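Visitor: Residue numbers (this note's numbering), protein chains in the order written: chain G, 3 to 353; chain Z, 3 to 353; chain Y, 3 to 353.
Calculated directly from the structure, the hints in this document are not laboratory data. Only a predicted model underlies this, so the values are computations on that prediction, with no experimental measurement involved. Possibly wrong hints are sitting among the right ones.
For chains that are exact copies, the list does not tell them apart, and a pair is met inside one copy or across any two.
Once the Cα atoms are required to be at most 35 Å apart in a straight line, the calculated DSBU-like pairs of lysine-lysine come out as [as the list claims (entries may be wrong)]:
1. K29 x K48
2. K191 x K128
3. K197 x K4
4. K4 x K314
5. K263 x K48
6. K15 x K4
7. K15 x K131
8. K296 x K314
9. K29 x K128
10. K339 x K48
11. K15 x K191
12. K128 x K346
13. K197 x K128
14. K263 x K191
15. K45 x K296
16. K15 x K314
17. K296 x K197
18. K45 x K4
19. K131 x K263
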Amino acid sequence: MKLSELADFLGGKLDGDPELEVSGIAKIEDAGSGQITFISNPKYEKFLSTTEAEALICSPDIQVPSNGPKHIIRVSDPYSAFLFTLERFNPPMAWASSGIHPTAIIDSTARLGSNVTIGPGVVIYKEAKIGNNCRIHANSVIGPAVSMGEDCLLYPNVTVYHQVQIHNRVIIHSGAVIGSDGFGFVPGKDGSYRKIPQMGFVILEDDVEIGSNTSIDRATLGATVVKHGSKLDNLIQIAHNVNVGENTVMAAQVGIAGSVKVGANCQVGGQVGIAGHLEVANNINIGAQSGVSKSLTLSGTTYFGTPAKPIKEAFRMEGAMRQLPSLFRQIKELEDKVAALEAKSGEGKHQ
Amino acid sequence: MKLSELADFLGGKLDGDPELEVSGIAKIEDAGSGQITFISNPKYEKFLSTTEAEALICSPDIQVPSNGPKHIIRVSDPYSAFLFTLERFNPPMAWASSGIHPTAIIDSTARLGSNVTIGPGVVIYKEAKIGNNCRIHANSVIGPAVSMGEDCLLYPNVTVYHQVQIHNRVIIHSGAVIGSDGFGFVPGKDGSYRKIPQMGFVILEDDVEIGSNTSIDRATLGATVVKHGSKLDNLIQIAHNVNVGENTVMAAQVGIAGSVKVGANCQVGGQVGIAGHLEVANNINIGAQSGVSKSLTLSGTTYFGTPAKPIKEAFRMEGAMRQLPSLFRQIKELEDKVAALEAKSGEGKHQ
Amino acid sequence: MKLSELADFLGGKLDGDPELEVSGIAKIEDAGSGQITFISNPKYEKFLSTTEAEALICSPDIQVPSNGPKHIIRVSDPYSAFLFTLERFNPPMAWASSGIHPTAIIDSTARLGSNVTIGPGVVIYKEAKIGNNCRIHANSVIGPAVSMGEDCLLYPNVTVYHQVQIHNRVIIHSGAVIGSDGFGFVPGKDGSYRKIPQMGFVILEDDVEIGSNTSIDRATLGATVVKHGSKLDNLIQIAHNVNVGENTVMAAQVGIAGSVKVGANCQVGGQVGIAGHLEVANNINIGAQSGVSKSLTLSGTTYFGTPAKPIKEAFRMEGAMRQLPSLFRQIKELEDKVAALEAKSGEGKHQ
């Protein structure tokens, strides 16, 4: 691979020969000639003079000694650049080559794009459409009238319910369920519940990734939406009619109740819960395990706690709570002093 | 559909021609003749004079103008009635027509009722019994000696372990696991654990609904029970020997530890946890994310917080916490005043 | 079964005829001759004189009357011993006899040990190795280059991703996902995220048990590890590069963020969350729903609350919070007294 190509791939700035060929990436103490190496931890800088690597990935501020590597790609995050490069030279193990496994069960009315990989035991129901280059691994189930764009990747045992719309380059991990019924019931006079029909669907836009065992419910009417570029970790609950803005990330076990609107570019910590019908503005961070019981309106703010408050306020309250035992002592002392003053004052009065 | 039939279906009171045929339901500004419409939001009442709909679903208190629809079904919850009617006229997409897909793998000792739908790749183990009209979708697995009543609906990729008993009209969403082993181990002297056999089973009574990726563990001995009419949302944990009373609803990600007894007609908010061996009385609401560490005995009460308390108490405590910073200021002021009084009192003494 | 064999099986001390044959176990009021019975609840001791059982399992301190059972196995936990014995005489229903179901789809490069049970619809990808006596039930999927030791048991609909290493006697319940991608993304300048390759794998060591619908992510590089003898309940999230020490148990819905190191012999309560990169020392208990935001260093300690603290401290804080409303009253009284003192003092001054 040419160094210029690698620099482009990493979004880095190349200082060296763009035509230089690199054959792999290795740790600085292990790299041989022909390989590129990287510095992300300052304690490895001592190897810069002795490494056999001709090329280096490092941050913009590193001073490379004159006897160090001559060809340098400067990036803002060298460790990630190392990982991207490592994967580029060592592609992950393919589950299967493209093609339709003979044991896949595909309805005759389903339409498949070109170059798809359909694994063993996959079931594709009627009227489903699968775009070019999609890979659907073993025993996943695609419901009726699902539409899927191009270059999607579904790991084994994924379930996609009827009429769900999946756009392009979407990744869905095993055990995820997209489009199960929203949770809605009308109580009767006898205390029993009547199921409210869940007639809507789900839209997962471009470049969304859904973690393993995450559940996304279909809307009552209309769509539950996860907008482009959003990434959801494992075991997350997205209820009916939720709308997740673009490029929002949610850590594992988050629960979003019905009809919540989460803004764009938010970061939601693990195990957070958001109550129904609330709105979260753009660019909001919510700390892990927080319980959101009111809409969060201050874009650019980090919220924390139950109920979730701006993090400074949450920390102030937590600090105050830690001082409570000493506060009790302070008050006891005050009471003693006041009692003494009262006694003395009473004496004065009686004199 | 005759208006009288629709009124019956909705449990509403008909004021109009019972023989009138309606062909569909639409929003009030869109509805054409032959269609029924509805009012659930007062801001749409202005269309009552101009709608082309001949028939209307509305609440008991709406005044319909003389030039409005002539045939009226009055119900307590017009929006739900709209949804019920919409689904009635637009039935959800069927996954498959009835019959046994040739790729289903059904043990020769299993017994299937009439008119069942068994999807592609479904596996039914030995001695399982499936009642009439059950629908089991693709790649679901029914373990040995499972019994299932009539009219049940299992979405794809459901797992039901051996000997689980499912009654009638039960709905189970994808990824749900019914009957996995309860979590029980005996510690040995060397710190290792020996698995306690989990020899019981699970009973899901009539009209229970289980959300996607919910886990219900089998009992150690006897049965873990979810009683009739209860509805469990997604990603819920029900541990071994739990008993959930009838018509109780639980929102997503609730966790119920072993041997807990939850009463009838309870509502449990999302992400609530209930510690082992506790009892929750009938008709109790538990607010989202609460942690229940003692039995909840006050039927008709809403509990909240960790540890869960009656909600008034929880709110009082939360209010007190919010006042803590100002409390610290109050105490500082008091201390200053007392110091001043002490100084003055001391002066007096020394005079 | 000979009594000596049963005593060995239970790790108990036999006081009686080692050659006596027992044919089953039953409750003390039901047991017949030839059966063994047990006492774990003192209220059943009254049956000791009348039971027909010749043999008894009980704790070391029970006094058996002279007309009671003559052959006694003494154990520390008689109820568990009852369950172990009950299962020994009544083995759980087998899902299937050993062999490879004709509908299983096994890549020609996969290697299977002897006496394996491979269920209907199971998919085993290329280069996977399955050890002797493993049982893999219906529709589970074993990814490429997975290695599995001997005597493992996978229930239906389990997913194991590529290159995961499973050692011996591991049990995995339905819906569990082992080896899904860790959650790592690099933000770009436009707010979009680039996926960080997750090139590592997962190791589940000997005697690990994984509950239903639990997710264990593969490492970014290297391995996410669950060490020997650890038991994970249902719906747990184990993020990339986590290391769980040996003989550690976690209750349902726990979430462990990336690169956390949990020690050996820990007990983690339900719904606990542990933030990324922290360490938990050996022999630590963490109470249910706690939020761990700093490393827990005090081995042998029980921690509780959010943020998690030693439980005494957590209870003291909780107690202080409960006293807050009365504290507000105390302060109001103090303020009144001080105001009275100030008024009197002022009067004095003006005289």
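Visitor: If a hint holds in the structure, say so; if it does not, say that too.
Guide: Hint check results:
In this homomeric assembly, K29 and K48 come within 35 Å of each other (Cα to Cα) only inside a single copy, at 13 Å, whereas the closest approach across copies is 73 Å. Taking the shortest Cα distances, K191 and K128 never come within 35 Å of each other, neither inside one copy (40 Å) nor across copies (42 Å). Taking the shortest alpha-carbon separations for K197 and K4, only the inter-copy value of 23 Å comes in at or below 35 Å, while the best intra-copy value is 61 Å. Taking CA atoms no more than 35 Å apart as the test, K4 paired with K314 passes in neither setting, with 49 Å inside one copy and 62 Å between copies.
With identical chains, the CA atoms of K263 and K48 are at most 35 Å apart between copies only, with a shortest distance of 29 Å across copies and 50 Å within one. With identical chains, the CA atoms of K15 and K4 are at most 35 Å apart within one copy only, with a shortest distance of 14 Å there and 73 Å across copies. For the homomeric pair K15 and K131, neither the shortest alpha-carbon distance inside one copy (42 Å) nor that between copies (44 Å) is at most 35 Å. Taking the shortest alpha-carbon separations for K296 and K314, both the intra-copy value of 17 Å and the inter-copy value of 18 Å come in at or below 35 Å.
Proximity of K29 to K128 under the C-alpha cut-off of 35 Å is restricted to the inter-copy arrangement: shortest distance 30 Å between copies versus 51 Å within a copy. In this assembly of identical chains, K339 and K48 lie within 35 Å of each other by CA distance neither inside one copy nor across copies; the values are 65 Å within and 63 Å between. For a Cα distance limit of 35 Å, the shortest separation of K15 from K191 across copies, 15 Å, qualifies, whereas the shortest one inside one copy, 70 Å, does not. Taking the shortest alpha-carbon separations for K128 and K346, neither the intra-copy value of 93 Å nor the inter-copy value of 90 Å comes in at or below 35 Å.
Proximity of K197 to K128 under the C-alpha cut-off of 35 Å is found in both arrangements, the shortest distances being 26 Å within a copy and 33 Å between copies. In this homomeric assembly, K263 and K191 come within 35 Å of each other (Cα to Cα) both inside a single copy, at 32 Å, and across copies, at 24 Å. Taking the shortest alpha-carbon separations for K45 and K296, only the inter-copy value of 26 Å comes in at or below 35 Å, while the best intra-copy value is 46 Å. For a Cα distance limit of 35 Å, the shortest separation of K15 from K314 qualifies neither inside one copy, at 39 Å, nor across copies, at 55 Å.
Taking the shortest alpha-carbon separations for K296 and K197, both the intra-copy value of 28 Å and the inter-copy value of 32 Å come in at or below 35 Å. In the homo-oligomer, the alpha carbons of K45 and K4 lie at most 35 Å apart inside one protomer (28 Å), although the nearest pairing across protomers, at 65 Å, exceeds that limit. Only within a single protomer do K131 and K263 lie at most 35 Å apart by alpha-carbon distance; the minimum there is 29 Å, versus 44 Å between protomers.
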